[in-house]
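There are 2 protein chains.
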Amino acid sequence: MATSPPKTAAALIIGNEILTGKVQEANVAYLARELFALGVTLQRVVVCTDEVATIAEEINALRHRYDTVFTSGGVGPTLDDLTLPAVAQAFGRPMVRSPEMEGLLRRHFGERLTEAHLRMADLPEGTELVATGEMRWPTVLVDNVWVLPGLPEVFRMKFPIIQERLRAGPPFISRAVYTLCDEGEIAALLERLDRDHEGVTVGSYPVWGGSGYSVKITFDGRDSKAIDRAAEALVAALPADKVVPTPLDADPRKP
Amino acid sequence: MATSPPKTAAALIIGNEILTGKVQEANVAYLARELFALGVTLQRVVVCTDEVATIAEEINALRHRYDTVFTSGGVGPTLDDLTLPAVAQAFGRPMVRSPEMEGLLRRHFGERLTEAHLRMADLPEGTELVATGEMRWPTVLVDNVWVLPGLPEVFRMKFPIIQERLRAGPPFISRAVYTLCDEGEIAALLERLDRDHEGVTVGSYPVWGGSGYSVKITFDGRDSKAIDRAAEALVAALPADKVVPTPLDADPRKP
Chain H
1 MATSPPKTAA
11 ALIIGNEILT
21 GKVQEANVAY
31 LARELFALGV
41 TLQRVVVCTD
51 EVATIAEEIN
61 ALRHRYDTVF
71 TSGGVGPTLD
81 DLTLPAVAQA
91 FGRPMVRSPE
101 MEGLLRRHFG
111 ERLTEAHLRM
121 ADLPEGTELV
131 ATGEMRWPTV
141 LVDNVWVLPG
151 LPEVFRMKFP
161 IIQERLRAGP
171 PFISRAVYTL
181 CDEGEIAALL
191 ERLDRDHEGV
201 TVGSYPVWGG
211 SGYSVKITFD
221 GRDSKAIDRA
231 AEALVAALPA
241 DKVVPTPLDA
251 DPRKP
Chain C
256 MATSPPKTAA
266 ALIIGNEILT
276 GKVQEANVAY
286 LARELFALGV
296 TLQRVVVCTD
306 EVATIAEEIN
316 ALRHRYDTVF
326 TSGGVGPTLD
336 DLTLPAVAQA
346 FGRPMVRSPE
356 MEGLLRRHFG
366 ERLTEAHLRM
376 ADLPEGTELV
386 ATGEMRWPTV
396 LVDNVWVLPG
406 LPEVFRMKFP
416 IIQERLRAGP
426 PFISRAVYTL
436 CDEGEIAALL
446 ERLDRDHEGV
456 TVGSYPVWGG
466 SGYSVKITFD
476 GRDSKAIDRA
486 AEALVAALPA
496 DKVVPTPLDA
506 DPRKP
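Protein chains in written order, with the numbering used here: chain H, 1 to 255; chain C, 256 to 510.
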């Protein structure tokens with residue numbers, strides 16, 4: 001773990017099932033929202049195939065460049081579960097059997113335990129098993145790489161423990177203004193707002209019919225007063241009948 | 256365009272809105288399913304921020320390594336729409352105004368046309384505007400890079416024209432067997448099936464309660480007979496009460 005709170009993050013999503021369209025990826029949006037609320041910037045996401053060399057290469061490209069890396073997927077007992085050996089390869093470390101994980105697996109599966117199950121106790125050397133009293137299964141952390149399961153329900157169950165470790169300082173905040181404008185009409189105005197309001201990032205998102213508005217303008221940053229000033233400057237600059245009356249403090253990250 | 260049909264593809268999803276969790280990414284699953292059906296292997300997806308240098312770097316990392324690259328997002332008229340300048344930078348080419356696109360924009364917007372709208376007619380030198388009679392707006396292709404809009408409805412509208420260009424030969428096929436087994440019980444069996452059935456890739460996907468099955472096993476490849484043989488070998492090897500009676504030819508890519 002870095003001694004200062006992490007500021008940047010990346011995610012590696014592992015699985016042919018995502019790349020063949022068999023499974024709709026569901027962890028990135030959740031991770032993105034949680035990291036935003038923690039004040040950690042998610043800067044890059046990569047989706048890769050189930051191959052040890054590929055996964056290891058992707059992990060090495062991410063772990064040196066970002067403070068924290070999350071992997072999702074490839075941690076079960078079957079032939080396409082290759083993330084842990086790939087993490088070991090990325091760090092140049094052997095896989096070693098963890099007595100703690102082996103004990104958990106033996107207690108959980110009892111007589112049904114197979115060699116394939118036991119393989120889940122083989123972890124890269126130096127793995128930290130991060131646990132709380134409430135969680136039966138610990139979460140795998142190898143240096144700055146959190147190794148998480150792909151199943152969305154389990155991915156979410158693991159997150160509280162990660163939040164505790166990552167709490168970084170001032171969270172990010174986002175406000176939205178919903179308008180009936182065409183993006184082209186307001187492009188110059190948005191550029192001016194982005195330039196004039198330091199520490200505020202302006203985003204512009206058109207939608208396709210049926211939403212009661214045509215473009216959502218978002219203002220993101222850590223300073224809520226600066227965000228309010230920018231949002232109010234937009235509202236003041238638009239004709240009143242082009243602004244859809246939505247509370248400025250509605251969370252724009254909820255659809 | 257390569258003279259032989261493309262076999263591998265990658266996608267670059269551009270947008271802070273995905274990385275902050277404001278918007279749920281919706282084009283990768285669609286693209287993955289369509290490419291699978293075309294027999295093109297989607298090998299890597301990257302999600303990156305709205306910055307010209309970052310986008311250009313990602314495009315260069317992908318376009319040399321994969322036959323075809325798709326970008327999604329960042330092609331509107333506002334300040335965070337930077338994909339086309341980034342494509343130009345990646346190829347080391349200037350942006351030039353396209354008379355064809357300018358004409359389309361002038362006809363579409365009429366008196367409401369702004370300078371910001373016209374910027375959408377500035378394209379990397381050497382861009383091919385791929386059009387059919389039915390589509391009002393052409394699709395932007397720069398060498399092997401298709402530049403697509405992020406709005407899911409428009410992304411999908413553009414796809415028929417891409418399908419025509421990409422049709423590669425034998426499509427991929429996928430069959431699934433739904434079981435009540437635990438993954439650990441069948442891990443060794445799945446490894447043997449994967450090894451014994453050449454040209455068939457075996458995947459194993461557990462679900463979390465409430466689905467009427469516990470693990471979905473998929474068999475992917477181009478040879479439907481080989482896929483059937485592998486799927487039938489699995490069914491024959493399992494106790495009958497562990498197989499959930501679902502037609503073998505159900506499309507496992509539909510949830």
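Do not rely on the hints blindly, as some may be mistaken.
Calculated pairs, SDA-like style, for lysine to any residue (alpha carbon to alpha carbon, straight line, at most 20 Å) [said to hold, decoys possible]:
| no. | chain 1 | residue 1 | chain 2 | residue 2 |
| --- | --- | --- | --- | --- |
| 1 | H | K7 | C | T304 |
| 2 | H | K158 | C | V462 |
| 3 | H | K7 | H | A61 |
| 4 | H | K158 | C | G464 |
Stretch by stretch, here's where chain H covers chain C in the computed footprint (C-beta under 8 Å, at least three residues) [said to hold, decoys possible]:
| no. | segment |
| --- | --- |
| 5 | 279-293 |
| 6 | 328-335 |
| 7 | 343-357 |
| 8 | 413-421 |
| 9 | 484-490 |
If you are wondering where the hints come from, they were derived from the structure by calculation, not from laboratory data.
Virtual Cβ for every residue (Gly too), placed ideally from N, Cα, C.
Checked against the structure, which of the hints given earlier come out wrong? 7, 8 and 9
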